[in-house]
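S.K.: Sequence:
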Amino acid sequence: MAEGVKKVESYTKERRVREEGNKLIAVIVGVLLLIISIIIIFGLNLNTGQIIVFILIILGFYVIVISFLFERKLIKEIYNSITNTVDRPVVMIKEINKGKRINVIHEVPKPIIHRVITPVDRPVIIKGKPVPRYEYSGSTETKTFHKNTCRFSRLIKRKYKIYSNNSGFFIKKRFRPCKVCIIKSKKV
-7 MAEGVKKVES YTKERRVREE GNKLIAVIVG VLLLIISIII IFGLNLNTGQ
43 IIVFILIILG FYVIVISFLF ERKLIKEIYN SITNTVDRPV VMIKEINKGK
93 RINVIHEVPK PIIHRVITPV DRPVIIKGKP VPRYEYSGST ETKTFHKNTC
143 RFSRLIKRKY KIYSNNSGFF IKKRFRPCKV CIIKSKKV
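Take -7 as the starting number for the sequence shown in the working numbering and just add one per residue.
Be a bit skeptical, because a hint or two may be false.
Unchecked claim - Computed list of lysine to aspartate or glutamate pairs in EDC-like fashion (alpha-carbon distance at most 20 Å, straight line): (1) Lys68 <-> Glu133; (2) Lys153 <-> Glu133; (3) Lys65 <-> Glu11; (4) Lys151 <-> Glu133; (5) Lys165 <-> Glu127; (6) Lys68 <-> Glu6; (7) Lys165 <-> Glu133.
Honestly, the hints are just simulated from the structure, not real lab data.
Let the hints inform the model, and build the full structure from the sequences given.
M.R.: Written out as structure tokens, the structure reads:
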């Protein structure tokens, strides 16, 4: 009988992450620098130019401190995956000391899967009625009628469209025939 072979594969994924705990430290350092700068400005009675230079120096120092606090760190994540491979049974030939050769075949009982396809009779559902086909269509807006294959009959809006199978219906209602499809076909 064949045995399964296990194979371990690993791959690494690197990504950069900022630490979230340093936000509180950054706020505390900012508040301390603000308090110290207010004490120095009012304690030494600095003029406007000296105050601006002092504030710029404090801001530069604060930016440097924040850049060290929020430095992005590299994290390596290692993923391990195990794959099991199963081999098929192999015919093994063993020799017995008696001098006879005997073929020993080890069979692994496997379930036999038969796929049976049975047709299912389902009733065919006919949706709606068949669409009626008419030879002529007319427009109540322009009082003209066309053959159904005419390009102008497709341009009539639904609310103005009337259908019929004979041209006499439209002539009784005093509709004019189309000059493109009906008059030309009668002349030829």
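S.K.: A separate judgement is required for each hint: does it hold in the structure or not?
M.R.: Structure-based check of all given hints:
A distance of roughly 77 Å separates the Cα atoms of Lys68 and Glu133; the hinted pair therefore is violated under the 20 Å criterion. Proposed proximity of Lys153 and Glu133 is supported: the alpha carbons are some 9 Å apart, at most 20 Å. A hinted pair counts as satisfied when its Cα atoms are at most 20 Å apart, and Lys65 with Glu11 qualifies at roughly 8 Å. For the suggested pair Lys151 and Glu133, the alpha carbons sit about 9 Å apart, so the restraint of at most 20 Å is met.
For the given pair, Lys165 sits about 17 Å from Glu127 by alpha-carbon distance, which is consistent with the 20 Å threshold. Of the supplied pair hints, the one linking Lys68 and Glu6 holds, its CA atoms being roughly 5 Å apart against a limit of 20 Å. With a C-alpha separation of about 13 Å, the suggested pair Lys165 and Glu133 falls inside the 20 Å cut-off, and the hint holds.
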